[in-house]
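Colleague: Spelled out, the chains give:
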Amino acid sequence: MTADVILQALVLGLLQGGVYALVACGLTLIYGVMKVVNFAHAEFLTLGMYLTISAWNAAGVSPYVSGAFVFALVCVLGASAQYLVIRPALAHPQINQMLITIGLSTMMIGLMQLAWGPNNQVLNLPWGRATLDLGELRITYVRAIAFGIAVAIATAFWWFLKHTRVGMAMRAAAQNPGAARLMGISVRRINLVTFGVGTGLAALAGALIAPAFFVNPTFGVDHFLLAAFVIVVLGTMGNFVGALIGGLLIGVAEGLGGLVFGPALRQLVSLAVFVVVLLFLPRGLFRGRVT
Amino acid sequence: MSLLELAGVTKRFGGLTAVDRVSLAVAAGEIVGVIGPNGSGKTTMFATVSGFLVPDEGEIRFEGRRIIGLRPSRVAALGIARTFQIVQPFAGLTVLDNVVAGALRGGRETLATARRVAAEVIDAVGLGPERTKLAGALPIAGRKRLEIARALATRPKLLLLDEVMAGLRPTEVDQAIALVRRIRDSGVTVIVVEHLMRAVLALSERLYVLHHGALIAEGEPREVIRRPDVVRAYFGEAKPVA
Amino acid sequence: MAPRTGFFADWLNAQLAVALGFVVLVGVAGGLAGSDYFLQIMVLAAIYAAMGVSWAIAGGLSGLLLLGYISFFGVGAYVDGLLFTKYGVNPWLCLAIAAAVAGLLGWLIALVTLRFGLSEDYFAMFTVALSQVLKYILLNWDYAGRATGIYLTVVKDDFATMSFVGRRPYLFIALALLAAAILLNYAVQRSRFGYYLAAVRENDQAAEALGIDTAAVKTKAMVVSGAAAGAIGAFYCQFATFIDPKQVFSLATNFEMLLGPVLGGRLSIIGPVFGAAFLKPLQDLLRGWLGGEADALYLVLYGLVLVVGILLLPRGLAAYVETWHRRRYGQP
Numbered sequence: 533m534t535a536d537v538i539l540q541a542l543v544l545g546l547l548q549g550g551v552y553a554l555v556a557c558g559l560t561l562i563y564g565v566m567k568v569v570n571f572a573h574a575e576f577l578t579l580g581m582y583l584t585i586s587a588w589n590a591a592g593v594s595p596y597v598s599g600a601f602v603f604a605l606v607c608v609l610g611a612s613a614q615y616l617v618i619r620p621a622l623a624h625p626q627i628n629q630m631l632i633t634i635g636l637s638t639m640m641i642g643l644m645q646l647a648w649g650p651n652n653q654v655l656n657l658p659w660g661r662a663t664l665d666l667g668e669l670r671i672t673y674v675r676a677i678a679f680g681i682a683v684a685i686a687t688a689f690w691w692f693l694k695h696t697r698v699g700m701a702m703r704a705a706a707q708n709p710g711a712a713r714l715m716g717i718s719v720r721r722i723n724l725v726t727f728g729v730g731t732g733l734a735a736l737a738g739a740l741i742a743p744a745f746f747v748n749p750t751f752g753v754d755h756f757l758l759a760a761f762v763i764v765v766l767g768t769m770g771n772f773v774g775a776l777i778g779g780l781l782i783g784v785a786e787g788l789g790g791l792v793f794g795p796a797l798r799q800l801v802s803l804a805v806f807v808v809v810l811l812f813l814p815r816g817l818f819r820g821r822v823t
Numbered sequence: 070m071s072l073l074e075l076a077g078v079t080k081r082f083g084g085l086t087a088v089d090r091v092s093l094a095v096a097a098g099e100i101v102g103v104i105g106p107n108g109s110g111k112t113t114m115f116a117t118v119s120g121f122l123v124p125d126e127g128e129i130r131f132e133g134r135r136i137i138g139l140r141p142s143r144v145a146a147l148g149i150a151r152t153f154q155i156v157q158p159f160a161g162l163t164v165l166d167n168v169v170a171g172a173l174r175g176g177r178e179t180l181a182t183a184r185r186v187a188a189e190v191i192d193a194v195g196l197g198p199e200r201t202k203l204a205g206a207l208p209i210a211g212r213k214r215l216e217i218a219r220a221l222a223t224r225p226k227l228l229l230l231d232e233v234m235a236g237l238r239p240t241e242v243d244q245a246i247a248l249v250r251r252i253r254d255s256g257v258t259v260i261v262v263e264h265l266m267r268a269v270l271a272l273s274e275r276l277y278v279l280h281h282g283a284l285i286a287e288g289e290p291r292e293v294i295r296r297p298d299v300v301r302a303y304f305g306e307a308k309p310v311a
Numbered sequence: 021m022a023p024r025t026g027f028f029a030d031w032l033n034a035q036l037a038v039a040l041g042f043v044v045l046v047g048v049a050g051g052l053a054g055s056d057y058f059l060q061i062m063v064l065a066a067i068y069a070a071m072g073v074s075w076a077i078a079g080g081l082s083g084l085l086l087l088g089y090i091s092f093f094g095v096g097a098y099v100d101g102l103l104f105t106k107y108g109v110n111p112w113l114c115l116a117i118a119a120a121v122a123g124l125l126g127w128l129i130a131l132v133t134l135r136f137g138l139s140e141d142y143f144a145m146f147t148v149a150l151s152q153v154l155k156y157i158l159l160n161w162d163y164a165g166r167a168t169g170i171y172l173t174v175v176k177d178d179f180a181t182m183s184f185v186g187r188r189p190y191l192f193i194a195l196a197l198l199a200a201a202i203l204l205n206y207a208v209q210r211s212r213f214g215y216y217l218a219a220v221r222e223n224d225q226a227a228e229a230l231g232i233d234t235a236a237v238k239t240k241a242m243v244v245s246g247a248a249a250g251a252i253g254a255f256y257c258q259f260a261t262f263i264d265p266k267q268v269f270s271l272a273t274n275f276e277m278l279l280g281p282v283l284g285g286r287l288s289i290i291g292p293v294f295g296a297a298f299l300k301p302l303q304d305l306l307r308g309w310l311g312g313e314a315d316a317l318y319l320v321l322y323g324l325v326l327v328v329g330i331l332l333l334p335r336g337l338a339a340y341v342e343t344w345h346r347r348r349y350g351q352p
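Protein chains in written order, with this note's numbering: chain A, 533 to 823; chain B, 70 to 311; chain C, 21 to 352.
Certain hints may be false.
[Said to hold, decoys possible] Okay, the calculated bits of chain B under chain C, using three or more residues with CB under 8 Å as the criterion:
| id | segment |
| --- | --- |
| 1 | 106 to 115 |
| 2 | 238 to 247 |
| 3 | 259 to 268 |
[Stated by the list, open to error] Distance ranges between label pairs, derived from CB positions:
| id | chain 1 | residue 1 | chain 2 | residue 2 | range |
| --- | --- | --- | --- | --- | --- |
| 4 | A | Gln707 | C | Ser211 | 14 to 24 Å |
| 5 | A | Val698 | B | Glu287 | 17 to 27 Å |
| 6 | B | Ala235 | A | Arg720 | 28 to 38 Å |
| 7 | A | Gly680 | C | Glu140 | 48 to 58 Å |
| 8 | A | Arg670 | C | Gly186 | 57 to 67 Å |
| 9 | A | Leu813 | C | Val48 | 47 to 57 Å |
These are calculated hints, taken from the structure and not from any lab test.
Just so you know, even glycine gets a beta-carbon here, dropped at the ideal spot from N, CA and C.
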C-alpha cells in the first residue's frame, strides 16, 4: 500500500465527503428545527438524481443547470410532504413520527420505481469519464465539480442561516419554538420551509452526483442514508458547521476504510463510527443548536 | 439529631449560583416553611435533597447518613418524598393506579397492600369519588391532591411540598392547609415551599427565607417576615408588610 | 352508573380472553384447512404477532423507543442455526438458549445506553444501527456461513428436533409461542413490574421520585422483550430451514414487525395480535398477487397504509376499543 494509493483514497474520500456534507446539512437542519429524524432523506437525493437524468435524457440539459430547478422543485415537493404527512404527526409520540418518515421513504421508493423502473440508470455526460491527473493522483472532473459546488452551496447556506431573516427565524425556531412564536415567527411556516429546503439540498446533491453514479430506486438508502446519519450525529444534531466538517471526516474515513477493509466493508466503517459516536459523543464534536 | 440537615449546599449552573451555601436543619415532626422570591433557589434546593441534582459543594444528611449522589429512587426509598412544582401526574393512568404506583414503595409492598394503602390515602386527601378517573382528566386542584396522595402513599418520613397551593381557590387553600396539618399529625415531617403567605404563616413552625440562592433569614415566621432584609428581598424597597 | 362486573369488565382480562380465543381459533382453522401456502402465511403471521406482543413490553408499556428490534430475532435465529447444525443441540433447548442470549443482549444494550445517558432519538438510532452492525459482522463471519447463511435439512418429520416436512406442525408451535407471548404480556401488565413500566412510560421523573428505579425497570423491560424475540427467532430458523444475515437482520422486516403494535395499539395485547394477524397476511397476499414488477406498487401501498394508518390512529386501534370498553363497563 503505497503513499499514492493512500492519497488517492483520501482525496476520493474527501470529494465524496463534500457531497455527504450537503446531504447531511439538509438532514441536520430538519432535525435542528423540527426535531424530526427524517428517515426518508436519502429518497430525496435519489429523486434529485432521477429528475436530473430525466432532464438530460429528455432535453440534454446539463445537470449543473437543471440542478437549480431540481432544487426548487424538490423544495416544493418536500414542503408538501411536510404539510401533508409530517406536520399532523408533530404532536404525536416520537415513534409515530419516525415510522411516518419510514412510510414516506417506502412510498417514495415505490413511486420512483414506478416512474423510472427498477434498473440502473446513469447520466452519461460526454466528458463524464474525463479525469484530472495531478501526478499520481487521478480524479474525475465530475466528482471534483460535485465536491466544489456541494461545499460552496453548503457554505452559502450556512451564511444564509447566520445572516438572513429567514435563516435567523429558523435558528430561533430550532432553539425555542415557543419563544419564537411569541416573537411573531410563524413556526409552522418555518417548519414547511425547513423541510422543503432540507430535502431540496439532498436533491441538489443528487443532481451533482448523477453523472458519477448509477442510480436505482434504492440508491439513496443504500449508499447515503447511513453516512448522512453518522455525520449528523457526529457533527451534533442541528449543527450545520458540524455537518459540513463531519461530512468531510466521514468521507475520508470511509475512503480509507474501504482501502483497508475492502469496498464491501466501507459501510461498516460508518456504522462503527456511528455506534462509537452515539455512545461516547452523542452530543457530537460540536456544541448545541443550529448554528 | 435532625431528620434532615443541609450544610453549605451550593449548586451552580454555569455562571448562575442557584443555591448558595445553604445550611438548614429540620427536626422530626416539624413543619418547616421555605419562602423566597421567584428564582431564589427553593425548587433547586428540593431537587438536590431528593437526588435529582447533585450539589457542587456541601453536605446533605438524612437521619444522619449522607445522601448526596444517591439516585432519586434511592432517596425516596430512604423516606423522602416530594411533589413537583409543575404537577407530574401519570396522565394516562387512573387516580388509583397513580397512587398505587407510589404505594408499592419500589417493590417493598405487595400489590394487595399497595391497593389498600392507596385507597386509604386517596380518601384521606379527599379524592375518593375520582378514584377511577383518569389523572389527566382532573382539574388542577385535583391534580395537586393527587400529587400529594402519591407522595404520601410511599409512607415517607419527610415530605417536600413544592408550591402545592399555587393555582388553588381560597377554599381549596384552606382544605390544603388542613390536609398538610393532618399529614404532619400522622407522623410525617414536612417542608413546605410556598409563595402564599397565608398558608406559610398558617403552617410553618419555623421559616427559612431564600434570596438569590442564599439563606437570608431564619426563625419564627411572623417575626421573620417583618425583617427589613426579607421585605426588601420581596419588594425591593423597605416597606412594612403590615 | 354502577360499574358492571364480571370477567370481561376488566380490560386486561377481556383482552386475554379474546387474544387466546383467537389463537385457538386459528389453531383449529389451521388444523382443518388446506394448503401449505396458506399455512405458511399463517405461521409467519403468528411469528409477527408474537414479535409484536413481545416488543410491546419494552416499546409499548415501557415507552422505550426500541426502533431496532430485529437484532434479538436475528441473534436468536443464529443461535439456533449454529447450535443445531454444528453441535446437534436440540432445537427445543435452543429456544431457551436463544432466549438467554438475546436477553443478555438486551441487558447489554440497556446497560450501555443508560450508562451513557442516551436520549430517546439517539437510543432509537442506536438500536437500528446495532442491527446493521450485527448484520455486517455475520456477513463476514466464516463460521456462520457469511452471506450464504445456514441451511437445515429436513428429511422426515421429527418432533424431537422440531423438524417437519409439512407446515402444519410449525403453525401449532408458532401459535404456542404466540400464546406464551400473550400470557407474558398479560402477566407483566398484572404485576408490580407492570405498574413500574406504566409509571416510567408516563413520567419517568415522577416515577423516580416514588422510589421506582427507572434504570432497573428499563433494563428489565429490554431483557424480557429481547429474550422473547430471541426465542421466536430461534423458532423461525427451524421453520424457515434457511437463514442468512440479510434476512434475519433486515430493516424492512424490522419495521414490518412494528406495524402490528403501532397500528394495532402498543399498550394493548389485542393490538399487536390483531395488527399482525391482519397486516401480515394482507402484505403476503398482496405481494403474491402484485409480485414482480408490481413490487413497486406494493411498496407504495405499504408506505401509504403506514402513513395514513399512523395519522388516523396515532394511539393504535386498540386504544379506541379500550375507551369504548371503559364507557361500557361504567368507568368515567
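Colleague: Hints first: check each against the structure and report whether it holds.
Modeller: Hints and how they fare:
no.	hint	result
1	106 to 115	violated (count 0)
2	238 to 247	violated (count 0)
3	259 to 268	violated (count 0)
4	A:Gln707 - C:Ser211: 14 to 24 Å	violated, 43 Å
5	A:Val698 - B:Glu287: 17 to 27 Å	violated, 54 Å
6	B:Ala235 - A:Arg720: 28 to 38 Å	holds, 32 Å
7	A:Gly680 - C:Glu140: 48 to 58 Å	violated, 38 Å
8	A:Arg670 - C:Gly186: 57 to 67 Å	holds, 60 Å
9	A:Leu813 - C:Val48: 47 to 57 Å	holds, 55 Å
In summary, the numbered hints that this structure violates are 1, 2, 3, 4, 5 and 7.
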